[in-house]
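Novice: The listed protein sequences correspond, in order, to chains A and B. Using the numbering used here, read the first sequence as starting at 1 and increasing by one per residue. Using the numbering used here, read the second sequence as starting at 1001 and increasing by one per residue.
It should be emphasised that the hints constitute simulated quantities derived from the structure, not laboratory data. Just so we're clear, the structure is a prediction, and the values are computed from it rather than from any experiment. Please note that the accuracy of each hint is not assured.
What the hints assert, rightly or not - Straight line, CA to CA, 27 Å or less: simulated BS3-like cross-link-like pairs of lysine-lysine:
(1) B/K1121 x A/K28
(2) A/K88 x B/K1159
(3) B/K1169 x B/K1358
(4) A/K88 x B/K1320
(5) B/K1121 x B/K1131
(6) B/K1320 x A/K44
(7) B/K1019 x A/K121
(8) B/K1121 x A/K88
(9) B/K1358 x B/K1121
(10) A/K10 x B/K1275
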Amino acid sequence: MYPEKLLYTKDHEWVSVDGEIGTIGISKYAEQSLGDIVYVDVPKVGASVEAGKTLGSVESVKAVSDIYSPITGEVTAVNETLATAPEKINEDPYELGWLAKIKMSAPDELKGLMNAAAYAKYLEGQ
Amino acid sequence: MSDLKKTPLNETHRRSGAKMVDFGGWDMPVQYSGVIDEHNTVRKAVGLFDVSHMGEIEVRGPEALALVNYVSTNNAAKLKLGQAQYSGLLYEHGGFVDDILVHKVADDHYFLCVNASNQDKDFEHIAAHNKFDCEVENAGPRYAQIAVQGPKGPATLQKLTKTELAPIKYYHFEDGEVSGTPARIARTGYTGEDGFEIYVAPDQAARLWDELMEAGAEFGIKPAGLGARNTLRLESAMALYGHEIDASIHPFEAGLSWIVKMDKGDFLGRAALEKAQSNRKLTGFTMCGRGIGRDGYEIQIDGSAAGWVTSGGPSPTTGKNLGMCYVPVDKAAPGNAIQIMVRNQPVEAVTAATPFYKRAK
Chain A
1 MYPEKLLYTK
11 DHEWVSVDGE
21 IGTIGISKYA
31 EQSLGDIVYV
41 DVPKVGASVE
51 AGKTLGSVES
61 VKAVSDIYSP
71 ITGEVTAVNE
81 TLATAPEKIN
91 EDPYELGWLA
101 KIKMSAPDEL
111 KGLMNAAAYA
121 KYLEGQ
Chain B
1001 MSDLKKTPLN
1011 ETHRRSGAKM
1021 VDFGGWDMPV
1031 QYSGVIDEHN
1041 TVRKAVGLFD
1051 VSHMGEIEVR
1061 GPEALALVNY
1071 VSTNNAAKLK
1081 LGQAQYSGLL
1091 YEHGGFVDDI
1101 LVHKVADDHY
1111 FLCVNASNQD
1121 KDFEHIAAHN
1131 KFDCEVENAG
1141 PRYAQIAVQG
1151 PKGPATLQKL
1161 TKTELAPIKY
1171 YHFEDGEVSG
1181 TPARIARTGY
1191 TGEDGFEIYV
1201 APDQAARLWD
1211 ELMEAGAEFG
1221 IKPAGLGARN
1231 TLRLESAMAL
1241 YGHEIDASIH
1251 PFEAGLSWIV
1261 KMDKGDFLGR
1271 AALEKAQSNR
1281 KLTGFTMCGR
1291 GIGRDGYEIQ
1301 IDGSAAGWVT
1311 SGGPSPTTGK
1321 NLGMCYVPVD
1331 KAAPGNAIQI
1341 MVRNQPVEAV
1351 TAATPFYKRA
1361 K
């Protein structure tokens, strides 16, 4: 449910770190809470994002949910397939359903995120 | 959580893995297998809804018709025994107390089905205007209600009842038995599909639910939640109290003049409606740009605020993002360009005819 190699936020985003690039998505918990995802709004490549601030939004049939960026930096890529196939997030939230890649300007922020075990424990209280 | 009201099917929902939400103070299933899957199941086969949270109000007495006709907008005098009609309860100022279904059970007995979160308010409203010496009962706790909706709804229900369903026309009902328990079997619904709404005693609901699931198995029946109920009614452009209609909206604005019979004699709200003027009208819309117009979003025309979305979202049957909205009367015809403010950004949309979906007869 919650891959070991990822870091998680309390708002149910995940980050996968590869050098100075952080890939962001939403967790299985978030995907399941939302239900059928029908629309994804992410910033354009080149946009600046700030940790804790709105990165974009994911919409299910029923509701809109803001996505908060876990890290500060510049968007270097967005998952274009989600524009036409947002359901990929439901099908595969950790691989095909990634949202954006960010070149991190403050990698120390990663220390404030949860590992898989801490996130699983956090979810028990939800 | 403990304060939430529960229907007799609460345990059934929880056991079947439904996702539960607080819906106007009721602990209700919002989805089981997923909103889109449940929606499509109702359109193509049959779905089962627990709508036991809905309220029922019984009006009895020799002057039952007089009271019902005084508090409601449609003409209950036109009803035959075993017939139902969609109607409105209005305040004196012409705004909606609620929208309701009126069933004629007998000359001296009318059975009203009302919205869950309005039932106490409706009961008090009707009782307060009971100058006819009728017996008015807030009967919600005496009924569970299950909706069997979809093209395979009749075949599913027929397996459990001796009442012949085929002769029951749309918006008609019959009192009979379903799987051995007394039931009011009404060919009504909130999905735009064929099907029935069944009223039974609460202690029979869980058993009946299980038997309906079994009876419908050969047709691919699935339980459906409030999420699908909403997308289904939205495609059919049926009003939802608190969205298309409320105390500040009168029936003509909401496109509901067909349930207002001004010539039937006096009724609550009639005087206000005679003088009613309004510059807004309910219409449909479909999104053109990327984005989903949702409940409460502002509508702009040429950069100025011009109305609001009453209900909006993705439509599984049409594949479009659509909804209903209030706009100025002169923009309400289909084909007018409007902009819907989605997170402070205007997104292009166009007014559209409703309903968005109509089943093949």
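Novice: If you check each hint against the structure, which ones fail?
Specialist: 1, 2, 8, 9, 10
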